Structure formats: structure tokens, C-alpha cells
Amino acid sequence: MKLAIQTKDFSFTYPKTKEATLKGINIPIYANKVTALIGPSGCGKSTLLRSCNRIHDVYPGNSYDGEILLYDNNGEKAENILQYKKENDLINLRQRIGMIFQKPTPFPMSIKDNITYGLKLSGIKNKTELLDRTEIALKGAALWEEVKDRLNNSAMGLSGGQQQRLCIARAVALKPQVLLFDEPTSALDPISTASIEELISELKNELTVLIVTHNMQQASRISDYTGFMYLGDLVEYNVTETIFLNPKEKKTEDYITGRFG
Amino acid sequence: MKTLTEELNDINVAMSKIINDILQANIIIANGLEKCDTDMLETAKKSLNNMSSKTSDIDNKIIKILALYSPEARDLRLIVSIFKITNELVRASSNTRSFIKGFSSYCDELDMQTIKEYAMPLQKATIECLQGVFDMVRSDCVDEIQELFNGVLIAENKTDDLYELLQENIFKHAKEIEDFTKFTKILNALRKSEKIADRALEIANLLLFAKLGGHIGSVE
Amino acid sequence: MNRLLLNKIVITLSTLAALMGISFLLWILVTLSIRGYHSIDWHIFTTDLVNNGLRNVIIGQFILAGIATVIGVPVGMMAGIYLREYGINSKFAMIVRNLSDVMMSAPSIVIGIFVYGIFVVPFGGFNGWAGVIALAILMIPIVVSTTDSMLSLVPQELREAGIALGASKAQVIYKIVLSAAKIGLITGVLLAFARVIGETAPLLFTSANNNFFSFGLSNQYPSLTVSIYHLALFPSQTSQNLAWAGSAILTLLVLFINLITRFIFKPRKQK
Chain A
0 MKLAIQTKDF SFTYPKTKEA TLKGINIPIY ANKVTALIGP SGCGKSTLLR
50 SCNRIHDVYP GNSYDGEILL YDNNGEKAEN ILQYKKENDL INLRQRIGMI
100 FQKPTPFPMS IKDNITYGLK LSGIKNKTEL LDRTEIALKG AALWEEVKDR
150 LNNSAMGLSG GQQQRLCIAR AVALKPQVLL FDEPTSALDP ISTASIEELI
200 SELKNELTVL IVTHNMQQAS RISDYTGFMY LGDLVEYNVT ETIFLNPKEK
250 KTEDYITGRF G
Chain B
0 MKTLTEELND INVAMSKIIN DILQANIIIA NGLEKCDTDM LETAKKSLNN
50 MSSKTSDIDN KIIKILALYS PEARDLRLIV SIFKITNELV RASSNTRSFI
100 KGFSSYCDEL DMQTIKEYAM PLQKATIECL QGVFDMVRSD CVDEIQELFN
150 GVLIAENKTD DLYELLQENI FKHAKEIEDF TKFTKILNAL RKSEKIADRA
200 LEIANLLLFA KLGGHIGSVE
Chain C
0 MNRLLLNKIV ITLSTLAALM GISFLLWILV TLSIRGYHSI DWHIFTTDLV
50 NNGLRNVIIG QFILAGIATV IGVPVGMMAG IYLREYGINS KFAMIVRNLS
100 DVMMSAPSIV IGIFVYGIFV VPFGGFNGWA GVIALAILMI PIVVSTTDSM
150 LSLVPQELRE AGIALGASKA QVIYKIVLSA AKIGLITGVL LAFARVIGET
200 APLLFTSANN NFFSFGLSNQ YPSLTVSIYH LALFPSQTSQ NLAWAGSAIL
250 TLLVLFINLI TRFIFKPRKQ K
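Residue numbers (numbering that gives the first Met the number 0), protein chains in the order written: chain A, 0 to 260; chain B, 0 to 219; chain C, 0 to 270.
I should point out that these hints are in silico values taken from the structure, not numbers from a laboratory. Only a predicted model underlies this, so the values are computations on that prediction, with no experimental measurement involved. A virtual CB, placed ideally from N, CA and C, is assigned to each residue, including glycine. It is possible that some hints are incorrect.
[Stated by the list, open to error] Listed next, the in silico BS3-like pairs over lysine-lysine satisfying Cα-Cα at most 27 Å (straight line):
#, chain 1, residue 1, chain 2, residue 2
1, B, Lys63, A, Lys247
2, C, Lys168, A, Lys119
3, A, Lys15, C, Lys168
4, B, Lys157, B, Lys44
5, A, Lys84, C, Lys168
6, A, Lys84, C, Lys174
7, A, Lys102, C, Lys174
[Stated by the list, open to error] Output of the computed footprint for chain C on chain A, the stretches with three or more beta carbons under 8 Å from beta carbons of chain C:
#, segment
8, 50-57
9, 86-96
10, 117-128
11, 167-174
Working from the sequences, and respecting the hints, build out all of it.
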């Protein structure tokens, strides 16, 4: 099993807080698989997700401990991404590990410009190449047919589900190795949710997915591996079927059966 | 990970295959009844090997689907029905094997008339029930499904009637028969056929619930 | 019954209070219109103050406010961007923000006197540059405040989305955040301009006034507001009429700019 990411005793403390939000997390994220993080509010799952692309660094004062290893495409050599200090390294990291947020975040530009924004950042200037990759990205996000005639219209005119798919297309255009999803469908209606879940299942052929979700059924539907977190600890991690059918820890079972959280 | 539709299709196909195996075994029995071919009967018995493990596979798949997919409505009715149908399939299969076992030893003893008048029609009616069930699994048309169910109901009633007549007939000739225990054993064997029809009707009832809705309940 | 009656009383009283407030506004507008109407004709827009016209002072007011805007808006906006985007947790930013808020309430005459002491006395006399600087000082805290507010309305996820794509902080601010806040920022600039174009006290002792048309900012410079002040005090009927005309024009101008921001910019704001 090829690894994409592996954390080693990873701990995280928010600025001006005594107690660590994440306590010594060891979790494997396998390549070309969907891994889900579930748990009650405040358990640290979003914190863990956001550590993977170092987006916490936008807000100074955090402290990290341990390692987060990012493997190359062959699953062999790995680098500890917590060691990156230069802005260039962080920029490269974020082009390898993309992120989709809970609230759809289209930029206030045309649909086309939204996609080419990231591409231009990574140095692509050739207009034909930009258009080609835009088309590929929009097709990959199952959005091309709906927007191909209005690429120059503002992205703000799209529906919520379309906007979220646009954000996915925007991230996918950079051909990242990993995509992080932070509760991507909690602001969407059931039909948009279903289409995005289908999209995520297809995306894992091209890349690795780590998804945080409040919705247990979503985790059980789409993920291959599931990690249950509680108060900063990774209580249980296993193949999804085991977690939902035969969980080993009582806390996991209590959460899944709705006894708390 | 497979989608819910793919998983449902898998268990539908697996159940279909088991029903077909039981149906074919019973058809072979009918042929064997006429010719008394013990080899044929042995082949039929072998095709029903490992029934428990096959149905357990289906049961475990259903549990996994319930845990992972939270199915609703039609999908939920289908897998809950199949969960109960597997029990009926195990019993129908074991009844078929008992029938074969009970019958092989006494094939030559039964006279042609009894066979033609009661045993053959009984087994044919049982086969009708099984065929009806098999067709119900593959149908999606509401009217057709209801019609097929009615067919199974009528055929099952026929097996009850035929078995009673057969029993009466044999007891009528009781004084003439030397080895009466032999005949009770033959009766027992034929009773299995009637039981298979009972199981088929239960399965048909569960399929009716799965495809048309309502509540789960016994046929009686 | 008691509650219904009380309700009716309160509604009536509040409606009367609202009408009273509006009626004063309407009274001002009506008075200005009537008195001003008689005095406004082509003559006012084509001759200078020296010939009892208002051409030079109207243009002068625009030039003073315009240059003040060119200086004040970039400074104010950069400061606002610093406060909201770079200085979230810094104590220095907090101090700057507080100071800026205080400056917004600073009496405009005090600003005028300050600039008088720094830019008029050492340079030997009233001059247009001093007027521009006084207006700019008045404008900057307003622009800082509106920029700060408008940028704070941009959702944080938008910034994070830019960073998550590999943009640098500067790229996120200048291409994404400012774009998202564009309408609000422009509204803020227009409102600051409208405020500044109607100020008198900062100009009183800095650029003072000029009866003649001029582009030379190193001397006394013509402005509408100061003209109204002087004309109103002068006892001739012509001057009085001119003062009313000037007031009407100034009021219409400020009203017009405010209406633009209200009807053209607001309804197009993002959902």
C-alpha cells in the first residue's frame, strides 16, 4: 500500500493556549484512497487537516511537534513538511496539496479566471495551455457542460453546488498529489452533495483524498479508511467497514451509534 | 468502494443463482422420477452443496450494506427481504436434498400409476412455484409481479391438495401393501416436495413486499 | 386593550418624531431651492467671483478636493490594508486604528489651524497646497476606517482559498481581497470625497479664497465653501444672493454624490 502522507507523533497547539489541540497523532494516509476523519465538534479533525497544507501559518503563533511526512508520487522518499520555513517551500507545498473549504469560495472573477488563477501562479503563461487545462479541470469536476458557454461570466452567478465544483476544478487544475476537503458539502443541498460525493470517488483515481466530515453516513459511503478522533486523540483508525460494523473502541461505537456527539 | 446500486445488484444476482440452482435440481428430480435415474438425482443433490456458506455470504454482504450505505425505501425493503429469503432458501435446499435422499432408495418400489397420478403432478406444481419465484426476482413490472405471485399461491395450494390425495390413496391400499414402513418413507420423501412449495410461497411473499411495498408478514 | 392603546401611542409618537426630523431636512432643501433658484443662471457658471460669478470657486473646490483625494486615498487605503491584512494581532496596529478613529472626530477647524501653523506661516502666506493638505488630513482617517470595514467584510475563507492555491499573501490581498471589496471601497472613497468637498473650516486659514480663476496652488486658492462664508457676511444683496446660489449648488452636489453611492453601487453589492 502506497503512502501519500504519514504523521509521526504530530502535536499542534494554537497560539496562547496551554493545552495542545492535537496530541501525538500517528495516522497513515494511503495514496489513491479516500480517508475520512470523523468525530464530535472540537475533536481536532479540522486542525489535523489544515496542518497538512500548513495553512495554520497564515495565523502566527502556532506550535508544531513531531513530523508530517509527505511522500513523493512513488510513495518512496518523504519530506517533513513541518520543516518548511521559506515562503517558496510553502507555496510549492500548497500546489502539491490542495484544499476545498466548507463554504464555496469562488473568487470574484470570471469562471475562466478562477481556474487560470492558480495555473498562472504556478508559472503557466501560454494562453492555449491555460485554456486546455481549464477545460480538462472543468470536465474533471463535472462542470464543463454546464458552464462551457459562459466561461467569461462571473463565478458569483453559479449555484452553491456549482460554485463548490468550481473550487474543486480550480484545485484539480494544478494536478495536486493530495486534496484536502474540509466538510465540503455541509453547506449544500442533498443533490449537490450527492454529485460532489460522486466526484470525490472518481478523483481518487488521480490523487489522494483526505476528508473531514460531520456526516457519518457520508464517511461510510465514500471513504476507504476512517479515523475517529476525540479531544485531540486519534481514538481508532481502520478500514471503513470495520469502523462502522465492528469498531474496537467503545468511544468509537458510542459516537457511531449516536450515544454522544 | 462499490456504489450501493452495484452491491444491491451483486446480492440480487447471488440470490437469483441460488433460486435457479434449487429450481434446476427440482426439475432434474421430476425427470428422475419418471426414469428412476439415480445418477441424475445424485447430480441434483451435489448442485446444492455448500448452501449455508453461500447464503451466509449474502447475509454478511447485507449487514455490510446496512452499516455503510443507510439504504432507504425500495433498497431497504429489498435487502431486508433477501435477509429473510436466505433462511427460506437454506430450508428449501435442505428439503430438496432430503427429498432426493429419501426417494433414491425407493424409486423402484413405487408403481407407475401412483407416480403418474400424484407424485409427478405434485413435483410439477412445486416446480411451478419455484419458476414463479425465479421470474418474480427478475421482473420489475408491478402487474406482472402480482400475477406471478398469484400463480405461485395457486400452485402451492395445488401441492397441498395433491399431497392429501396421495396420502389418502396410499392409506386406501394399505392392506394390500406388504412393507408399509416403506410407503410411509416414500410419503415422507414426497412431503418434502410439498414443503419446498411452502418455502417458495414464503419467498414469493417476501419478494412481493420488496418490490411492491407494504408490510412484512406471513402468507397465512 | 391597554397594550393595544400603548402600542398605538408609541407608533404615533415615533412617526411624529421621524416626520419632524425629515421636515427640517426638507425645509432646508426647499429654502435652498427657492432662494437659490432665483439667483442661479448661466452667469454664475461662466464668470468668476470677481465678477459675481462662481465659476472659479466651483472649479477650485473640485481641484482642491480632487488633489486631496489623490493624496489621501492611496495613503488611507494602504493604511487600511495594513490594519486589516497585516496587522491583525499587532499592538501597533491597534494603536494606529484607535488614533485614526480619534482623528475622525477631530474638529475640522483645529486641523485648519494646525496646517496654518505648519504650511502657511513658514511659507509666507495662504496657499492652495496648504488647503489640499488640510483636506487630505481630514480625509485619511475616513478612508482608513471604510477600507478597514470593507476589507473585514471579505470572508476569511476567501483569503485562505487563495493561500491554499499557492498564492503569496500580497497576491491574495491585491488580486482577490481588493477585488472582492471593490464596490465597498469605491463607495468609501466617494463618500470621503463628498465629505471633503463640503468642508469650510480646513480651508479658511489655509487656502483662504481667491476672486480670480487660477491653477497656481502656491497662492491663495478659490473655493466654494469659503466663498459662501465670505459672501454671507458681506452686506450687499448681490453677495447674499450669490451665497444662496452657492449653497444650493454645493448641497445639490453633495446630495448627488451620496445618491450615486446609494443607488448605483449598493444594489449591485454581492449577495
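Outcome of the hint check:
no., hint, in the structure
1, B:Lys63 <-> A:Lys247, "16 Å, holds"
2, C:Lys168 <-> A:Lys119, "16 Å, holds"
3, A:Lys15 <-> C:Lys168, "23 Å, holds"
4, B:Lys157 <-> B:Lys44, "25 Å, holds"
5, A:Lys84 <-> C:Lys168, "15 Å, holds"
6, A:Lys84 <-> C:Lys174, "24 Å, holds"
7, A:Lys102 <-> C:Lys174, "20 Å, holds"
8, 50-57, "holds (count 3)"
9, 86-96, "holds (count 5)"
10, 117-128, "holds (count 3)"
11, 167-174, "holds (count 3)"
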